[in-house]
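Q: Protein sequence lines, in the order shown, are assigned to chains S and Y.
299 is the number that my numbering gives the last residue of the first sequence; the numbers go up by one with no jumps.
1324 is the number that my numbering gives the last residue of the second sequence; the numbers go up by one with no jumps.
Take every hint as true, because none was put in to throw you off.
Some residues of chain Y that are not near chain S, with every Cβ distance over 10 Å (derived):
#: 1; residue: 1054
#: 2; residue: 1059
#: 3; residue: 1061
#: 4; residue: 1062
#: 5; residue: 1088
#: 6; residue: 1185
#: 7; residue: 1220
#: 8; residue: 1225
#: 9; residue: 1240
#: 10; residue: 1249
#: 11; residue: 1316
#: 12; residue: 1317
#: 13; residue: 1318
Result set (DSSO-like, lysine-lysine): computed pairs, CA atoms no more than 30 Å apart in a straight line:
#: 14; chain 1: Y; residue 1: 1139; chain 2: Y; residue 2: 1273
#: 15; chain 1: S; residue 1: 64; chain 2: S; residue 2: 86
#: 16; chain 1: Y; residue 1: 1273; chain 2: S; residue 2: 256
#: 17; chain 1: S; residue 1: 256; chain 2: S; residue 2: 86
#: 18; chain 1: Y; residue 1: 1139; chain 2: Y; residue 2: 1183
#: 19; chain 1: Y; residue 1: 1139; chain 2: S; residue 2: 14
#: 20; chain 1: Y; residue 1: 1183; chain 2: S; residue 2: 256
#: 21; chain 1: S; residue 1: 256; chain 2: S; residue 2: 64
#: 22; chain 1: S; residue 1: 14; chain 2: Y; residue 2: 1108
#: 23; chain 1: Y; residue 1: 1139; chain 2: S; residue 2: 87
#: 24; chain 1: S; residue 1: 87; chain 2: S; residue 2: 64
#: 25; chain 1: S; residue 1: 256; chain 2: Y; residue 2: 1139
#: 26; chain 1: Y; residue 1: 1101; chain 2: S; residue 2: 14
#: 27; chain 1: Y; residue 1: 1273; chain 2: Y; residue 2: 1183
#: 28; chain 1: S; residue 1: 256; chain 2: S; residue 2: 87
If you are wondering where the hints come from, they were derived from the structure by calculation, not from laboratory data.
Think of the CB as a built atom: it goes at the ideal place given N, C-alpha and C, for glycine as much as any other residue.
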Amino acid sequence: MTGGRSSPFAEPIKHAILILGALVVILPFYVMVSYSFKSPREIETNTGGFFGAQQEMVNEYCVKLGNPREACLETPVAFNYSEAFKKAPLLRYLLNGVVVTASIFLIQVIIALPCAYALSKLRFWGRDFVFALVLFCLLIPVHAIALPIYIMLAKVGLTNSYAALVIPWTISVFGIFLMRQFFMTVPDDLIDAARMDGMTEFSIIWKVMLPTAIPALLAFAIFSVVAHWNDYFWPRIAITGNRDLYTPPLGLREFKGGADGSIWGPMMATATIIVTPLIVAFLLAQRRFIEGITLTGMK
Amino acid sequence: MTARAPTHRTHRAGYWFVAPAIVLMVVILIVPILIAALLSFTDYSLGNPEISWVGFENYDRMVNRSTYTRMITATATYVLVVVPASILLGLGAALLINSVKRFNDLYKTIYFLPVMAALLAMAIVWEFSLHPSLGIVNKTLASGCGTAAESVLSFGWLPWVDAQASWYARGCERGFPLCFGNKDYAIWTICFIGIWQAFGFNMVLYLAGLTSVSRELYHAAEIDGATSAWDRFRLVTWPMLGPTTVFVVTITTIRSFQVFDTVEAITLGGPSKSTFVMMYAIYEKAIQQNLIGMGSAITVVFLTFVLLLTLGQRYLVERRVHYS
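Bound-form chain Y, shown alone (with noise of 0.2 Å):
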């Protein structure tokens, strides 16, 4: 009898301890899922009773209508950029404060400061260190020019660069760009933003890494001939960073797909079109003009991405890069 009222109670306790969560993930998350998957096939929109089926149109605009396509752009030439930026300063910061005798810890919690910060409020400050007029940017840029400062920066000491031609020399003589209201910068600028804030966090996970390395294998590389750095860190610590690197490129594209804060924040998606990232067209039809059909597509296509890459990360965690 002992021994069986304990798996009694304990098989009925679990289902009443997993039934809340077990309701939840239905309506909070998979549910909705479908209701996206649905809803992008309709031109449904809220308060209004009629909704009829139009097929495959909401995904047919994405690939077709100008509005769409400059979204596609927006969010891949913010994901590539951001990506393998951050990773790599993620990276090069690790190695750095990895290798420095002094103050490594002091490298890193001022690296880690961005992740902390609400993004949103770090966006508006942004926005106006690089505003045109008040911004400390500009300012500090503006008051170089015409000293020592100028001829060092416009690379005129360089004998392939032609000074007067230069970014610099040009910035100073029409003025230093508006790097929101100008439709060739404004991506850029939110794409440094995007870096800024997501390469501590890459390095921390690169710092974690590292301290996995093992000392004797750059001993054992260093008896087979690997003596420079490069060598070093080509033979021993990037494929022992494999796994970490995974996982990295996996979060901060995902997180990059993400990007919505310092669009909303600055440029609202504008000019014309140039930042108009997915998460804030989604924001903007569906929310703001109540496309609904066409927000739902563009959710499903992020959801598609996103299970892709998540989907390949785990594959390759499994597969490839299990080096323990």
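Next comes chain S alone, as it looks inside the complex (with noise of 0.2 Å):
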């Protein structure tokens, strides 16, 4: 793209604002992994390098519940983590995190995939205005109805539940969209032979047009997960108060609330905790994922 003539001082001038780029990029990835390592005087010195010098430290906490000091000896890394773990219960959190990105994903599907079979592949009166209403709804913002939902919810009681997480996420216009464009390329012939077999409509969708659709469900499904296990807002407003329901992001953001200098060791482990199942999986498969979030990105 350069073209044969670029000086050959280009090349490395290039890649130090590139790496200068992403030094910047890495820091707190870097200051977040690092200090839930430490312990509280390394932290608070900035010394110890990456990983801290792993002395043993005296947990105060257990020496207050009546054991010897001998037995409260821990490494840092070994009280941060654990910490994280006993301070609150993010065992809970995870799980919450778990159960609400899943329910919010098969939900989607299940509600999304019929309709987008209806849409490319059978024809019904009412059809175009049907995903004329598909390619209006798309002009919504998410955080454009909280608020409303919001009140709904309380008006039935529900919020501080489950449901409260998962009820604003269960219909996603754009995966219709997506997976109507998706379905459009799928022969008819396909679905006239499965006709001929006998199979229902109903059978269909789930047995030619759902293996059929993997790729572009994959991709929807990487989409629909990032975003809903690293949402903030709307788990913010839903939950006030019932710790029990916590996601990740808001048992992290409790954690802060209190927090004095000792902390800090414990709150970048949760932090760490909370971030590297993501990030684990963007680094195995990352063409995936950047095609999940991008082609994605209308939300």
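Two chains, two separate frames, one set of hints: put the complex together.
A: Below, the structure written as structure tokens:
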């Protein structure tokens, strides 16, 4: 692209700029992981390199519980990560995160696939109108419906429930749109053959269309899971006070609420635990992730 | 008979298949929008049986009350800084990555990391990194004071700069700024995190756009006398990236209007409402203070912005930027 005449310095300069950018991008990740390894003293004085010295330290809380000091010796990394799970029910939060993200995705698929199939392959009166409705709904940003949905849920007494975390996301117009576009490319012969075999329209969706749609569905799954695992705005609104329903970001935020100096280590450990699953998945399947996030960049 | 039966069956099944989606679209998307629009003209609050029509009072406040004018300022600042900056950085990164011979995928991976990470978590880490006494950034800056780094970073080596008055030298003297506690800095720091998070996404979209620019076009341009890299960019790359740019601008703008996590986690809209962005305003006014009417009015304004943007984008996509 640069042609053949670029100076011999061009390439190193480009790398220098890119590396500088990469350092800025990585900085918070470095801080997060590094500080999740360190003792409070190392954090305060900014010493210990990346991993910290891992010198054993006394867990004061453990001593207060009446244990002998020798029994309360821990390495900072063990202290930070065990504290992350003890200070708050992090395991519960993670489980909530999994349950909520998984239910959202499953419901989205159950609602969107039949609709997409009908819009692309079935002929019925009013189909164009339904598709126009889908296109119109694509315009509506989720943040705009948060407040009215919150009022509706409050009116029926559903705030502070799993349902509240899932309901606003059950309909993914984008999912419908995406799957419809995909189904348009599936040859009609395939469906006709299935009909000849006596399959009902319902089983055609799940036994014929679903298997062909796996790549598109995977991209949509990545989009949906990433968005809802990381989402903070809606859980913050829907869950007020009931800690049993906290999603991982809410749990981390709660941690920060009472932060004093000594708690930074465990807090960074919590942040690391929350961020790691998606980052690891991303590193393992980069191409798919980038596809999933960008092709569905509509929201 | 065989010709009619399938059409008949198909016909009925279609309604069954779209029905759940239609119900949900109406109940979860359309009705709420109407409710918000309606409530924005009232003084409604949850648990209060009395509700009265206040006309345009809520909208009036938005232009007259200092809290809300600051909200507009903060949101506008954020959008007007983050959108161009993250797009330029995204485009720059894409062009650079596309032109280097090695490590392209590595850079791409690294730059995309912030898009994957929970913004709330990263906001907290940034806050910590920029902490005035504990933070690694201010500490590193301070450790450069009095060394060769100070003379470099205070830009005294530039003839027109007075080293003593420079930002870095003053930072050394009086301590580096509180990134979030100072109302002159807070919004910029929030913007910075926004750019940090968004530009990798734009980069990936531009990289995808660049793969569709054919080599023949560059050759053709070269034959026509476009010899410098800038000419090639101006005459070929940039126009060919038109559709990508329209899409990127729309997406980034909508997302910037939605900024919430960083503000809620770090500044809570302060100091003195300098980071009081729209989404946070909706949360604070409507959810925390139960001023539903006001929150709805902000929601409607937000929705209007987004609708105009998206419709503008669709118009542009259909009218101007079609090259294929």
